[in-house]
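Build the full structure now, drawing on both the sequences and the hints.
As you go down the protein sequences, you meet chains Y and V in turn.
Sequential numbering from 300 applies to the first sequence in the numbering used here.
Sequential numbering from 3 applies to the second sequence in the numbering used here.
Calculated directly from the structure, the hints in this document are not laboratory data.
Treat the hints loosely; a few may be bogus.
[Said to hold, decoys possible] Restricting the straight-line Cα-Cα distance to at most 20 Å, the calculated cross-link-like pairs of lysine to any residue (SDA-like) are:
| hint | chain 1 | residue 1 | chain 2 | residue 2 |
| --- | --- | --- | --- | --- |
| 1 | V | Lys213 | Y | Leu485 |
| 2 | V | Lys213 | Y | Ala484 |
| 3 | V | Lys213 | Y | Gly333 |
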Amino acid sequence: MRISILGGRVIDPAQVLDQVIDIHIEGEHIFGLGACPEGFKADQIIDATGLIVAPGFIDLCCHLRDPGPSYKGNIASEAQAALAGGFTQVCARPDTVPPLDSPAIVRVVRERAELAGKAKVLPVGALTQGLEGQLLSNMSGLQSAGCVAVTNLRQPIQDNLILRRCLEYAATFDLLVMIYPEDSALRGSGYSHEGPLSSQLGLAGIPETAETLAVAQALLLIEQTGVRAHFAHLSTARAVEQIAQAKAQGLPVTADVALSHLLFTDAYLESFDSNFHLEPPLRSEADRLGLLQGLKDGVISAVSSSHLPHEQAAKMAPFSVSEPGMSSLEVVLPQMLILVEKGWLSLSDLVKRLAFAPAQLLGLKSGALWAGYKADLILIDPDAPWVLNEQTSFSAGHNTPFWNQPLKGRVVTCLVDGQVHFNHLTTIKGDD
Amino acid sequence: MSSTLNNPAHPRNVQLTADGRLKHFLSINGLSKALLTEILDTAESFANMGGQAVKKVPLLRGKTIVNLFFENSTRTRATFELAAKRLSADVLNLDISTSSTAKGEILMDTLHNIEAMYADMFVVRHNDSGTAHFIASQITPQVAIINAGDGRHAHPTQAMLDMFTIRRHKGAFEGLKVAIVGDILHSRVARSQIRALNILGAAEVRLVAPKTLLPVGIEEMGAKIYTRMESGLKDVDVVIMLRLQKERMSGALLPSEAEFYRLYGLTTQKLAYAHPEAIVMHPGPINRGVEIESAVADGPRSVILQQVGYGIATRMAVMSMAMSGQMQERLQVQ
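This is the structure we're talking about:
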């Protein structure tokens, strides 16, 4: 199968490219950019006039709920939602049931992902057995089974000696460790940003130091062990400063921020809306601005969806007992486009933060449109108005404040490994 | 686009009707001085009924009020029950113990069941902050919800009966200095009192406690922080003591009961720092010898027992006003 995508505005930060140019695809791979190569005859032509063509997005943290409680979602539903949102590859969190701490379970996830045939799934293995923070997981085996990284998420590691051993062991295999910085003792039973608002609302707070202390501690151990490390979901401006300093000192660490923390603050908790019950908690406006600045400066290299689909009952509860997390794969693009409109980043940066940077830090030959790379790419109509609802959403989780809200900017066509998955230019679910 | 979401700077006040009347009573936050004064004035009209031979008025005749207590309470529930009965309502008391698991589901199922019995008003006490808001906005918007205490968040009827007590004994709020002493961290009563005192125009609200019992940034609600009784009580007109729960006393937040009493317990000697005509209040039940000396609790400056009596009148006021607002809105919908 040969496909030519003609007349689109191609944005590929890897090649420092932002121009109207044609793309040609042969089989699973990109054949070339520019004028139609001699002897190349396309079987299918996609007219991308007026659209943005970009490498498919790569999500660093996504909960596919599989294996696990299927009423919250499964690989088929969430990988389809990923594609709809422009993500051709998604990292799958290890806190499945059972957790991704053995090669066998990782293989199950990969098989289910292949069977579903939607977005490609990149499993992230557990750093410790059962994510219990006590015994090292079979990291080499997890790597061989296809894990792109390991993490203990927010589950506490018993002590610093065990954390040190975990980092050393991961470094043995040059395996990336994703650190979700949080001091579990300082977090205590908290579930909101500790500040004037949580005090007024009587919500148990999580202090800023729960994050900054964990970052400081991890940075020292990263330096000592030489492990490749990535900090996931920063929530405080102070942590951004810490990462900036570490980078300035030459430590090869990276960091991401969850979309929700670029958009919302703890002020949204005033109505006790459980959709804003997130981990880490939404923090102050100063923190949000610090995160945006960090993204602008490149201290934060990637934006992740932190997609956590829930059934309705999980959120139909008083704030403190509702389950944390937001369903967000499908709104990342329209919300990031608003940040572009507001001048926080350029379109090219948007693509960089969602595609090229995640690929780089995961060590993938992906996230770019070089000839010979897998043809994972998306066509974006940045002005298309749409509404997130039962007709347009694929995720099992409707736990988002954007439900039934008007949005602008949509992925209209999506190719994975050179195969057209949907083409809204002709037929789309809920197109009207 | 995010602009179409609820604007957090101006949250929709779910407890008011379109024309600003009370239809739920969830928290003091966002209510006007006029509305709080209306509650106090209405309570005043009910306050003398207790001494009459016939103690009932027919304002809520034919209405069903359900006291839904997910958390134990003797006094609060009793005064709500009496208030409802004096308004001629039918009252159903439900004490529901919640296990730590599936709390949300139990709450929802219970509410839907009771809703199916055509209740007109729920009086809710729950140990999770925001529960009353959650019920009013998500579960049963057509039933009037009265918050009888939710987690650490709010206990607005207690705060209003305290305001009633202060107004009865001090006449007005202007120029008053009020000190709230003790476990502010866990106190929903304190949070509601701070709001009410600020709205009603008190000159100064002081919080007196060790730093482990003071929530971060609480001064932004409109209060001054003191860590010593001598300076905190100096010249105040009202001293409000808070109850210290037994489980808070050992280890994690305080070294011992004895040390707390020595530093923050209200004794005759410490009361002398306050204005000579200062009154002493306590939301009850009191821990004698922990936060307050018996001689003070039972002394001439104490209005602790009067507070209980005023609780009935204040709750009658809130219940009748919320029901009236709710009925008005129902008529408009039809």
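Hint check results:
no., hint, verdict
1, V/Lys213 x Y/Leu485, "holds (16 Å)"
2, V/Lys213 x Y/Ala484, "holds (19 Å)"
3, V/Lys213 x Y/Gly333, "violated (67 Å)"
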